[in-house]
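With the sequences and hints as input, model every part of the structure.
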Amino acid sequence: MEVLTVTMNPALDREFFVDDFEINKLHRIFDLSRMDMTPGGKGINVSMALANFNVKSVALGVLAGYTGRVIEEELRKYSSLITTNFVHTDGESRENITIVDEKNHTITEINAPGPVLDDESIEQFFRRYLMTLSRVSYVVISGTVPPGIPLDFYRRLSKAATDKGKTVLMEARGQLLTNAVLSDSCPKIVKPDLRAEKKCLGKELNTLEDYIDMSKTILENGAELVILSYEIIKDVVATREGIWLLDTLLDVDISHVLGTGDTYVAAILYYLLRRNKNMFEASKFGYTAAVSKLKYSKKIFPTIEDIESIRDKIKVERIA
Amino acid sequence: MKVRDLMIRDITAVFADQKVEDVIKICSKQFFTGLPVVDEEMKVIGFISESDIISGAVPSYYSMLQSASFIPDTNQFKGNLERIKDKPVSEFMTKPRIVKESDSAIYAADLLIRNGWRMLCVVDDEEKLVGLVTRMQLLWGIIRNKNSER
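Chains as they are written, first to last, in this note's numbering: chain A, 2 to 321; chain B, 14 to 163.
Hint data in this document are derived by calculation from the structure and do not stem from the laboratory. There may be inaccurate statements among the hints.
[Claimed, not checked] Computed list of lysine to any residue pairs in SDA-like fashion (alpha-carbon distance at most 20 Å, straight line):
#  : chain 1 : residue 1 : chain 2 : residue 2
1  : B       : K42       : A       : F127
2  : A       : K165      : A       : S184
3  : B       : K42       : A       : T68
4  : A       : K57       : B       : F45
5  : B       : K42       : A       : E93
6  : A       : K78       : B       : F45
7  : B       : K38       : A       : E121
8  : B       : K42       : A       : K57
9  : B       : K32       : A       : K165
10 : A       : K57       : B       : K141
What follows is the structure in structure tokens.
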């Protein structure tokens, strides 16, 4: 096990491919290949993508009820490179339903809330987390959290890992991210989740200048690599050596965007573990991996060969 | 066939200072019949099974009886269980039941059958927990392997 992934709010991801999807209409699916059911939640997705890159990981988090057991079982079936270590609690784990209309290039998502966590489950999780830290070198803390989790929880996880000399990669949003970044144990790699709103550390991000300033603020707090999604397909990437805008020369289908962020994260870790520790090169590789994921409609993660095949299709522009 | 070919890569475990009630909760939610007991470095230091807990909740002479009818009523069992549920796992755990990933499936089967155990902890070279193997997993692994040989 080289990587520990945290998913506090795992989900059973259900994808349906429906052309000409409309509300207020019955859509029947006759072809089984037009639907998919996979374990999900950002950390779990990262574990799955890492398995594609032949990297062992241990997936930690909290599951609940029947859906929780299905998630765990599906994850075990996915790859023997993934070890599970989930606290099971009362309630029911969430389901994420995605309706992809490839014809009209739309994606409709319904994300259910997770179970409400009590203090006992949270503390049980934290103790298991501490124990498992001794076995890994990288920690991925990502995604939303279910009700009941204190807003300084990600800061606490980041601190515990940093204190043990582990490199933390965090992809989160809102106060959970703010509290972790503006603390004495800011994660080394920060990838704010801007899908719901273009806002980070309480500030609106509108112009490219806003993105550059935000990257600098996070770097000043102790991060070594900051990745900000910009205009859907582009990314602002910042290290202590400079700030770049990454774009692709390929014509991509953004309706296949599910799981791209997690592929990005997994590919960064793969690069740091198997190639070298250059943060910018790792993020470029991650970006390339995310673009290569876009060719798969379902939640299928790319292989290293997929990524290598489009490495010359990435445009890099230094912006600061 | 090796243990690594049929093990479940799950490291659910309890610590020696956790309560017996925690074991019951975890096992009932995850359909386990017992759990590895680990230290803070994930080294396996013991095992606690449903049998260990039942033994702790019935009178000591119970094993000598042919029938449960000698126990006056279930209230006695319930009372005993109530009394031990907050006690630490360390009071009821037994010695570690371990195999290594590189051990043969036959060796694991021999341990399970000869000792009447239902589950074994799989450990690495430092005796740290990496997974578990159950009787059913063993049977399933053998059948699956036989089918893939066809």
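Quick rundown of the hints versus the structure:
Among the hinted pairs, K42 (chain B) with F127 (chain A) is consistent with the structure: their alpha-carbon atoms are about 19 Å apart, no more than 20 Å. With a C-alpha separation of about 16 Å, the suggested pairing of K165 (chain A) with S184 (chain A) holds against the 20 Å cut-off. Simply put, K42 (chain B) and T68 (chain A) have alpha-carbon atoms about 12 Å apart, close enough for the 20 Å limit, and the pair holds. A C-alpha spacing of about 24 Å is found between K57 (chain A) and F45 (chain B), which places the hinted pair above 20 Å, so the restraint is violated.
Using a Cα cut-off of 20 Å, the hinted pair K42 (chain B) and E93 (chain A) holds, with the two alpha carbons roughly 12 Å apart. Between K78 (chain A) and F45 (chain B) the CA atoms are separated by roughly 18 Å; this keeps the pair inside 20 Å, and the hint holds. Between K38 (chain B) and E121 (chain A), the direct Cα distance comes to roughly 12 Å. Compliance with the 20 Å bound is thereby established for this hinted pair. The hinted pair formed by K42 (chain B) and K57 (chain A) fails the criterion: a straight-line CA distance of about 26 Å is larger than 20 Å.
Taking the CA atoms of K32 (chain B) and K165 (chain A), the gap is about 27 Å. The hint is violated against a cut of 20 Å. Straight-line distance between C-alpha atoms of K57 (chain A) and K141 (chain B) comes to about 16 Å, which keeps the hinted pair within the 20 Å bound.
In the structure shown, a violation is registered for the earlier hints numbered 4, 8 and 9, in ascending order.
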